[in-house]
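Starting from the known structure of chain L, arrange chain X on it as the hints suggest.
Top to bottom, those sequences are chains L and X.
Counting from 1, one number per residue, gives the positions in the first sequence under the numbering used here.
Counting from 1, one number per residue, gives the positions in the second sequence under the numbering used here.
Among the clues, some could well be false.
[What the hints assert, rightly or not] Dumping the calculated DSBU-like pairs for lysine-lysine here, alpha-carbon to alpha-carbon at most 30 Å:
1) K14(L) - K73(X)
2) K22(X) - K65(X)
3) K41(L) - K15(X)
4) K108(X) - K15(X)
5) K57(X) - K108(X)
6) K9(X) - K73(X)
7) K22(X) - K104(X)
8) K55(L) - K108(X)
9) K20(L) - K96(X)
10) K108(X) - K96(X)
11) K64(L) - K20(L)
12) K66(L) - K15(X)
13) K66(L) - K20(L)
14) K41(L) - K20(L)
15) K73(X) - K22(X)
16) K108(X) - K41(L)
17) K20(L) - K55(L)
18) K66(L) - K96(X)
19) K15(X) - K55(L)
20) K57(X) - K9(X)
21) K57(X) - K15(X)
22) K9(X) - K108(X)
23) K65(X) - K66(L)
24) K96(X) - K55(L)
25) K64(L) - K57(X)
26) K20(L) - K22(X)
27) K96(X) - K64(L)
28) K41(L) - K66(L)
29) K73(X) - K96(X)
30) K96(X) - K15(X)
[What the hints assert, rightly or not] Chain X side only, calculated, beta carbon under 10 Å to chain L, not exhaustive:
31) F34
32) Y39
33) Q92
34) Y98
35) V107
No lab work stands behind these hints: they were computed from the structure.
Glycine included, each C-beta is placed from N, C-alpha and C at the ideal position.
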Amino acid sequence: GAVVSQHPSRVICKSGTSVKIECRSLDFQATTMFWYRQFPKQSLMLMATSNEGSKATYEQGVEKDKFLINHASLTLSTLTVTSAHPEDSSFYICSARQNTGELFFGEGSRLTVL
Amino acid sequence: AQRVTQPEKLLSVFKGAPVELKCNYSYSGSPELFWYVQYSRQRLQLLLRHISRESIKGFTADLNKGETSFHLKKPFAQEEDSAMYYCALSGQNFNKFYFGSGTKLNVKP
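Pulled out of the complex, with its shape left as it was, chain X reads as follows:
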């Protein structure tokens, strides 16, 4: 069965510190992985996807098929990064999307 696991419900770091939000997945085929972010009082929005290999707002994520992970990283966290982050998985035809339980990132000044 498809599953996305985000082991941390809450992650608190100080401004300027590195941050890594963990995501592990299980999927029988070739997955498409995404990170979605939800800022306070806003709707969910796409942060990045693994196939684009972009760095968005300083965040990167590498798909590690051996470890079945797609951890989100940023070398220097900013206060405006405080938000809920959801890791999501889809098949290559994007016919379904499954979300992890989310990690709340709190960046302290």
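Chain L on its own, in the form it takes in the complex:
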């Protein structure tokens, strides 16, 4: 099946710094990617829909200035957590959508903000 790579898998940063997470579709082009946040023992919360060449669509309650999403190519979307704070610590997961509608997930990135 298709492969989606997410990097880094783990990142620890100081409060106030910014962190960038990359999501790449390795063997297919993805015009649409999704970013999720997962809290411990909870479901995946859709944060935003990333569309290649256009602005991301954010879900209600998600701060677009806090979570910057860029989808500059058909195989790469990035999520930048700006001015990170401890409450931003979480597991972030991306997925890329094939034309068939099937989602392929990255392995996730665990962010810890000290």
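Frame of chain L, contents of chain X only:
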């Protein structure tokens, strides 16, 4: 609003027993329903989708629009089925996907 509900956080069954993981949804249009599975230390992956009407690893799921349900079933559970199962919903253009809270299936020997 779109919503996917999985009422059971944990489901434990013995090997060989039937298993049913419940999923109910609310959606204003015609939904596409999926089941995703996450085995230990692995990423989420598609198990099955309702439009394909396939049986994957012995699992089936029928979309019941009257009851707005998409329950996942398997007649004889195996230990290797132990995993987290997520029910997901999308519109017909697949522009958004919403996930349920997940059910952890534990198949005991």
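Hint check:
1. Distance hint between K14(L) and K73(X) is unfulfilled; the C-alpha atoms sit about 46 Å from each other, more than 30 Å.
2. Taken as a hint, the K22(X) and K65(X) pair is honoured in the structure, with Cα atoms around 14 Å apart against an allowance of 30 Å.
3. For the suggested pair K41(L) and K15(X), the alpha carbons sit about 25 Å apart, so the restraint of at most 30 Å is met.
4. The hinted pair formed by K108(X) and K15(X) meets the criterion: a straight-line CA distance of about 6 Å does not exceed 30 Å.
5. The suggested pairing of K57(X) with K108(X) holds, with an alpha-carbon distance near 18 Å, which does not exceed 30 Å.
6. Distance restraint check for K9(X) and K73(X): the Cα-Cα separation of roughly 16 Å lies within the 30 Å cut-off, and the hinted pair is therefore satisfied.
7. Straight-line distance between C-alpha atoms of K22(X) and K104(X) comes to about 12 Å, which keeps the hinted pair within the 30 Å bound.
8. For the hint linking K55(L) to K108(X), the alpha-carbon distance of about 47 Å lies beyond 30 Å, and the restraint is violated.
9. Under the criterion of a C-alpha separation no larger than 30 Å, the hint pairing K20(L) with K96(X) is consistent with the structure, at around 23 Å.
10. Only pairs whose Cα atoms come within 30 Å are accepted, and K108(X) paired with K96(X) is rejected, the gap being roughly 35 Å.
11. This hinted pair checks out: K64(L) and K20(L) have alpha carbons roughly 14 Å apart, not beyond 30 Å.
12. Between the alpha carbons of K66(L) and K15(X) the distance comes to roughly 47 Å, so the proposed pair goes past 30 Å and is violated.
13. Simply put, K66(L) and K20(L) have alpha-carbon atoms about 12 Å apart, close enough for the 30 Å limit, and the pair holds.
14. Note on K41(L) and K20(L): the hinted pairing holds, with a Cα-Cα distance of about 24 Å set against a maximum of 30 Å.
15. The straight-line distance between the Cα atoms of K73(X) and K22(X) is roughly 9 Å, inside the 30 Å bound, and the hint therefore holds.
16. Of the pairs offered as hints, the one joining K108(X) and K41(L) holds, with about 21 Å between alpha carbons and a cut-off of 30 Å not exceeded.
17. Between K20(L) and K55(L) the alpha-carbon distance is near 17 Å, which keeps this suggested pair within the 30 Å criterion.
18. Restraint check for K66(L) and K96(X): satisfied, since their Cα atoms lie roughly 21 Å apart, inside the 30 Å limit.
19. Our distance criterion of 30 Å between C-alpha atoms is broken by K15(X) and K55(L), whose separation comes to about 48 Å.
20. In summary, the hint linking K57(X) to K9(X) is supported, as the alpha carbons are separated by about 22 Å, within the 30 Å threshold.
21. A distance of roughly 15 Å separates the Cα atoms of K57(X) and K15(X); the hinted pair therefore holds under the 30 Å criterion.
22. This hinted pair checks out: K9(X) and K108(X) have alpha carbons roughly 16 Å apart, not beyond 30 Å.
23. Restraint check for K65(X) and K66(L): the C-alpha separation of about 39 Å exceeds 30 Å, so the hint is violated.
24. Between K96(X) and K55(L), the direct Cα distance comes to roughly 15 Å. Compliance with the 30 Å bound is thereby established for this hinted pair.
25. Restraint check for K64(L) and K57(X): the C-alpha separation of about 40 Å exceeds 30 Å, so the hint is violated.
26. Between K20(L) and K22(X) the CA atoms are separated by roughly 37 Å; this puts the pair beyond 30 Å, and the hint is violated.
27. Taking the CA atoms of K96(X) and K64(L), the gap is near 17 Å; set against the 30 Å cutoff, the hint holds.
28. A C-alpha spacing of about 24 Å is found between K41(L) and K66(L), which places the hinted pair at or below 30 Å, so the restraint holds.
29. For the hint linking K73(X) to K96(X), the alpha-carbon distance of about 25 Å falls within 30 Å, and the restraint holds.
30. Between K96(X) and K15(X) the alpha-carbon distance is near 36 Å, which puts this suggested pair outside the 30 Å criterion.
31. The beta carbon of F34(X) is positioned within 10 Å of a beta carbon in chain L (closest approach about 8 Å), and the interface hint is therefore held.
32. The restraint placing Y39(X) at the interface with chain L is violated, with a minimum CB-CB distance near 12 Å, outside the 10 Å limit.
33. Given hint, Q92(X) at the interface with chain L, holds; its Cβ is 9 Å from that chain's nearest Cβ, closer than 10 Å.
34. Annotation: interface hint on Y98(X) holds; nearest CB of chain L at approximately 6 Å, less than 10 Å.
35. With 10 Å as the threshold, the beta carbon of V107(X) stays out of range of chain L, its nearest partner Cβ sitting at about 20 Å, so the hint is violated.
Comparing the model with each numbered hint stated earlier shows that hints 1, 8, 10, 12, 19, 23, 25, 26, 30, 32 and 35 do not hold.
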